[in-house]
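In order, the protein sequences belong to chains A and B. Be aware that the first sequence starts at 1, since it is given in the working numbering, and climbs by one per residue. Be aware that the second sequence starts at 1, since it is given in the working numbering, and climbs by one per residue.
These are computed hints drawn from the structure, not numbers from a lab. Hints should not be assumed to be uniformly reliable.
Chain copies aren't distinguished; within one or between two, either way the pair holds.
Unchecked claim - In silico lysine-lysine, DSBU-like type, Cα no more than 35 Å apart, as pairs: (1) K344 - K398; (2) K8 - K267; (3) K157 - K8; (4) K141 - K242; (5) K17 - K215; (6) K50 - K242; (7) K344 - K34; (8) K50 - K344; (9) K267 - K150; (10) K34 - K8; (11) K399 - K34; (12) K185 - K34; (13) K17 - K181; (14) K86 - K244.
Protein chains: 2
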Amino acid sequence: MFPQEVLKDLIVETPSKIVFVVIDGVGGVPIEGKTELEAARKPNLDRIAKEGICGLTIPVSPGITPGSGPGHLALFGYDPLQYQIKRGILEALGLGMEVRGGEVVARGNFATFSEDGRILDRRAQRIPTEENRRLCEKLRKAIPEVQGVKIEIESGKEHRFVVKFSGGGLSDLLTDTDPQKEGLKPLEPSALDERAERMVSVVKEFSRRAREVLKDEYPANGILLRGFSQMPEMPSLYDLYKLKSACIASYPMYKGIARLLGMEILKTEERIGDLFETLRLNFHKEYDFFYVHIKETDSRGEDGDFEGKVRVIEELDRTSSVLFELSPEVIVLCSDHSTPSFLKGHSWHPCPFALRSPYERPDEVTEFTERACSRGALGLFRAVEVMPLVLASALKLKKFGA
Amino acid sequence: MFPQEVLKDLIVETPSKIVFVVIDGVGGVPIEGKTELEAARKPNLDRIAKEGICGLTIPVSPGITPGSGPGHLALFGYDPLQYQIKRGILEALGLGMEVRGGEVVARGNFATFSEDGRILDRRAQRIPTEENRRLCEKLRKAIPEVQGVKIEIESGKEHRFVVKFSGGGLSDLLTDTDPQKEGLKPLEPSALDERAERMVSVVKEFSRRAREVLKDEYPANGILLRGFSQMPEMPSLYDLYKLKSACIASYPMYKGIARLLGMEILKTEERIGDLFETLRLNFHKEYDFFYVHIKETDSRGEDGDFEGKVRVIEELDRTSSVLFELSPEVIVLCSDHSTPSFLKGHSWHPCPFALRSPYERPDEVTEFTERACSRGALGLFRAVEVMPLVLASALKLKKFGA
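Just chain A, with the same shape it has in the complex (with noise of 0.2 Å):
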């Protein structure tokens, strides 16, 4: 890839307008001789392919399924082998949370124990959001600090929460206390580094005085907690490209992506449609780089949901036509990662790409599949290289070397 530092100085600031649209896990495998794509009508998405020059991105490298964070880190234009996030810092940045340097944050659990102290449902029988904000609101009250150390806790879905420590000398580099099975006890949270000696100490703690505070709260009678983590250090998307950017989307994780990139998030509704309402509201304030995320695509493909992964790239295609209306300079169609439901999960396979702009030499594909796209201009190339064609194709890149 071409180094941040140095295309950090060919930036220019202009006018024109992105929106970058990311279909995650659009991508598919045939079943029955066609992919989810290329059973789907979608006029509006095959009008950007055909308008536009095509290719097949790499999300990582040939083989490699990503996870979310390096699929969606890599469109962005950052090495997601340089830049690994953990999972706990999406999620509290998915819930709003703001984390700072010093800071640690872990995913939890609320979770059924046994008398003496097993796991009997990792999950507390799932129990509904409404009762996660009331048993979290309990926990704050009940535990404020823990030995010098700040606590604050951010509900999530049904048994989801996270928990923020805030206070000197702490450390991500300990060992979970969620043992990821049920019928054993919870894991003693060790040190992977003696900085983290306090942390231990204070996690120790907070388990035990929230199991208390809990006691009585049957099925969520205790917590587990994973996935410890720090914020990293990374550009924003301003640092790196001198985008005014903003993010709509409706899934937690994503926003979290985007406010760690530096993003604007955008009040939105959770539809499709609603996604490109925001958009149109939006359009013309000062940003010029629009995430726009589609989860759908992507859940009905771990569903193995084939008809149900159709039916929201169908969705997406009738909304999307706004696209034409507003006009940006540059409309690019991407994803993340394939979601094949014949897999129902994250697949390595490549990813379709089309990219519109008045500036582009169009190529011959006409249609937005994972085949056509692989017959365009663009080739197969790695989703870390979309950024800086993206720039180029709104004219905000300058010449490189005299």
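Given the coordinates of chain A, assemble chain B onto it according to the supplied hints.
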């Protein structure tokens, strides 16, 4: 390439099986409009291309013609610039010698010397292998050790043998005694590093004593040594990929490479059909990775024998039908480098590649040829990227990152 260290953490062991067929030097350059692959009738190989995903691999780097060592290492996922294996080690391993850390091996030739000590024939008229065996036995008896260093000698074919030096304080940082030219006297070895001084003294005495032992054995009345080498430290295929691997090859050097990577060497007869018969007999054993090496495509290419190479490809095609019968999860057809009969030697040309797996996205390629594969969905990619793809297609890789 994706770092081996990170890939290692993504491996999952599964019962899926991979058959990895390396068709040595199969790629060609057209003569009268066709390459050897284009001229051959090969319905089975074409079927694998048609049912799979295809591309062309760059053995090491564009324009670089690899030897068999780097060509193979890259295919197995080892950066050939990082792991440079000297030929001596490959020869020794191929002849079945065990080489341990601290031991040094060298390739030897029986050669013909004039009375004044000049080299008349570097290959001693290519003496018969039987004669070689007798002379090696004579040397073994006469020179079991030199200056406290144990000497082991193993016969190769015709004039070739391998010597192994074992003892403390040895080094391979010394120059050859073989000037690679006739009419000259053998070279005095010299140390490239002070740690090699003991070795230089041992080699000088060994060479002198060998000439005495052989003085009446015209035309094999002396020896030449080259390619001093120690065992490089390399992780095995099990260390890296948790693969229980087996090698089915008839030529020593390829067995040597396989031993270096920790593969088990399966006993086999030599014809191509025999190799596949050995595959059939061992397929249901505990192995999950079978490296099948086809040598004759390279040999006929080296001979400049276009028709002969076409016949070898057709023989391979006929006998390879066993692949469909066994139907492993992953079948790979690949090559370590091209050996166009037009050029009578290894070349830099990319190598046709096909991978069949139920988990891959097939492309539109229907033939296993250089031109057809160049239109495959994998495009032009580096051989070091092959293993991650193969492991992914066998569902042996977890997700990278959250």
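Does the structure break any of the earlier hints, and which numbers would those be? 4, 5, 12
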